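**Q** So you can see what is in the structure, the chains are spelled out below.
There are 2 protein chains.
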Amino acid sequence: MPAPTTSASFMATIVSLCKRRGFIYQASEIYGGMGNTYDYGPLGVELKRRVKDAWWRSVVTARADVVGLDSAILQHPKTWETSGHVVNFTDPLVDCKTCKARFRADKLEEVQCPQKPSRTPLENKCELTAPRAFNLMFKTHVGAAEDSAAVAYLRPETAQGIFLNFKNVLESSRLKPPFGIAQLGKSFRNEITPGNFVFRTREFEQAEMEFFVPPGEDERWFEYWVTERFRWYTELGIRPEKLRLFPHAKEKLAHYSKGTTDIEYEYPFGWGELEGIANRTDFDLKAHSEASGVKLEYFEPETKVHYIPYVIEPAGGVDRMALTFLIDSYAEEEVEGEPRVVLRLHPRLAPITVGVFPLVKKDGLPEKAHELEAELRELGLATFYDEKAAIGRRYRRQDEIGTPWCVTVDGDTLQQGTVTVRERDSMQQTKVGVKELGAHLLHAQRHWKRG
Amino acid sequence: MPAPTTSASFMATIVSLCKRRGFIYQASEIYGGMGNTYDYGPLGVELKRRVKDAWWRSVVTARADVVGLDSAILQHPKTWETSGHVVNFTDPLVDCKTCKARFRADKLEEVQCPQKPSRTPLENKCELTAPRAFNLMFKTHVGAAEDSAAVAYLRPETAQGIFLNFKNVLESSRLKPPFGIAQLGKSFRNEITPGNFVFRTREFEQAEMEFFVPPGEDERWFEYWVTERFRWYTELGIRPEKLRLFPHAKEKLAHYSKGTTDIEYEYPFGWGELEGIANRTDFDLKAHSEASGVKLEYFEPETKVHYIPYVIEPAGGVDRMALTFLIDSYAEEEVEGEPRVVLRLHPRLAPITVGVFPLVKKDGLPEKAHELEAELRELGLATFYDEKAAIGRRYRRQDEIGTPWCVTVDGDTLQQGTVTVRERDSMQQTKVGVKELGAHLLHAQRHWKRG
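As you go down the protein sequences, you meet chains A and B in turn.
In terms of our numbering, the first sequence opens at residue 166 and continues consecutively.
In terms of our numbering, the second sequence opens at residue 166 and continues consecutively.
No false leads were mixed into what you were given.
Note: identical chains are not told apart, hence a pair may lie in one copy or across any two.
Cut-off 30 Å, straight-line C-alpha distance, at most; resulting in silico cross-link-like pairs (DSBU-like, lysine-lysine): (1) Lys600 to Lys553; (2) Lys469 to Lys527; (3) Lys341 to Lys527; (4) Lys304 to Lys265.
These aren't lab readings, by the way, just hints derived from the structure by calculation.
In this text, all values refer to a predicted model and were calculated from it rather than measured experimentally.
Turn these sequences into a full structure, and let the hints steer you where they fit.
**A** Here it is in structure tokens:
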């Protein structure tokens, strides 16, 4: 069941499926589009909700040692001076004097340009300026004055909102290290060369957690979270052979990091970061303590010791997660001489859990199917009613969007109280009693494993 | 069980509770705060999640005629020209030449100023300029150039993202009017006089739905959605006597509206809009069709008629909803001579559903309580384990954050397999078998009614 062979055609296939079935649309499309900005359609928003819910459950609610937070996108500008973003969060840019375009100096080989730019301008017609630092934060003004006093930035990461609230959370909870604060929310980076669909966009949703530990326990917890986060992806159906760990070289670490390991996925366009786990040390809490004069530390009552915790940060992107689940679950097959496209999404992630079909549009079957659909929905299952086209075609439409089960109501339903349950991956059909249907599906959902 | 008597002290009480227990903090507090911007703490983020989930379930997943969407905050600037926001979304501002402050010309009576401003400057020392229109949209620049070509706005409402995708959703679904598209997401308004805690903030989360109907059916659907949305609030426990409908006068309607009715709540600071239901007519789809050249209309195959649907929009704010649930559920009582603070939150909204306590910290009770907590969590209930302080004090701590049930593990648990379930509002205690505990709590949660 291979996907299309070339990477460009595979991505084009995914983009096309996303638009056609309502997962992801180009934003502002009717106005010619907004560069590298995307809107999630009816199925995409449900996929994203489920990815976020699964993350929140795994990282926050299933644990006693992690709590959630939802901090504002606009924070005091001092936040970004202290964090180092005002000075360090830049890309080196060059202008081409010939074609007037602007490029990242460190990514010239990736640039698509009518006259391919190069550092050796004599080879072609491009003449490049020296690189200049360009800050990636979006800037705006708050209040009625458009002067520098009112400058604000759209946050480039959710993490800083967690550090700013370290003391608030400590004081309003009874947590003590090791403990974590997790957050889901939008961040913004004014990327010059975004790309690859929703892999890198200017506006994106982060899933970040800062796990505060006593200094000295940081390396152990770093390993713990690398393992834990890797497990999360495979548990939700990502093929392990498409994942790898990529530890950053010491000399390439961000200014705040003692060690970073990426969980990488093999995308059609090559290996790319799916999530990064960083040992941020005490860099951020220390910097904000010094800049604000507010001590961001933990007081250990037993030993009477004050200390600034170290921080382990698993940081992923929800859009990238959603894209990865889509890509990894996509397959094309031939079934009885006909092509079949199927998304082998984990049932916990699939936008629709159960398709409900009357075999034919008469004999009371539509009424019975509607009734059944309402019952399944009441159980918390996401349902979709469909009575159009032949039954095989209805199956295919659900396969393509990853619906794990389809339930068909037929004559037997009225006479013997059974329905046909058809499973997406094996395409096997089973007769199930109407009374057992809800429990059957909930059980199947709970115990699903990728084949 | 009245709340504090003066409105200022009531709001101060709510703000203080929110900070102390971790519902809502002032944003960037360690840097002196960011004006009228707030961060949600561990309990606040759970309350907000539950409010959003309840809204989504009611408006989207429980219905077959509404789908979701999640559009970007940054859309093409033409969006806001066409919607009328660039020209019309302004407040009239005046400067005081004496004290250099800036005020809304239409809200001068609300201004707090050392020298109270007035339209009759001779009465005091303020001298005001003539009013000027000040646009409420936050402006930024996308890409490397800071010129006008790259101007972008942070969306002031999520609704436009829905209108832009009308055709996309129609083509990737099989919906036909009447149908709705719903969205949850952040919007931004550069308010000059925000206030009243999270009632009006510059950054806020909207819960908007655009319901597309054939022209002529709009007034019927308008009434339907006013009733439906009113019902939602009372079903989630808001006291009906604190709610009222406020139909806007025809001459005060927004430029796009044929009729608007607010659902108002009686806040400590007076009646205020909780949600607005507007008949936006075909204004937006028509305007975007004309500006983009893309026809945003529905083709009715049976009658072969093309038409632009009318739009009914129920639009609420999630922060305002959360604040309203907090305020409305807050009560102070005297119980056996001791004060008790209680949030009578609906169990579906309470951040924690069950507190689990060992009666004492020995005899194997903590182990048993932890075991029970894990089982309840497995059922999807939000739990909190507490073994500190006397049992009465542990009840009070849960009352104050709205936890509907507390389960105490004692000697009987080990010997007879029963626990004590204590209900928040009545404070009644019941012995329940450990084996029935999960089902007992799920049933109680399902059938809860505000007393």
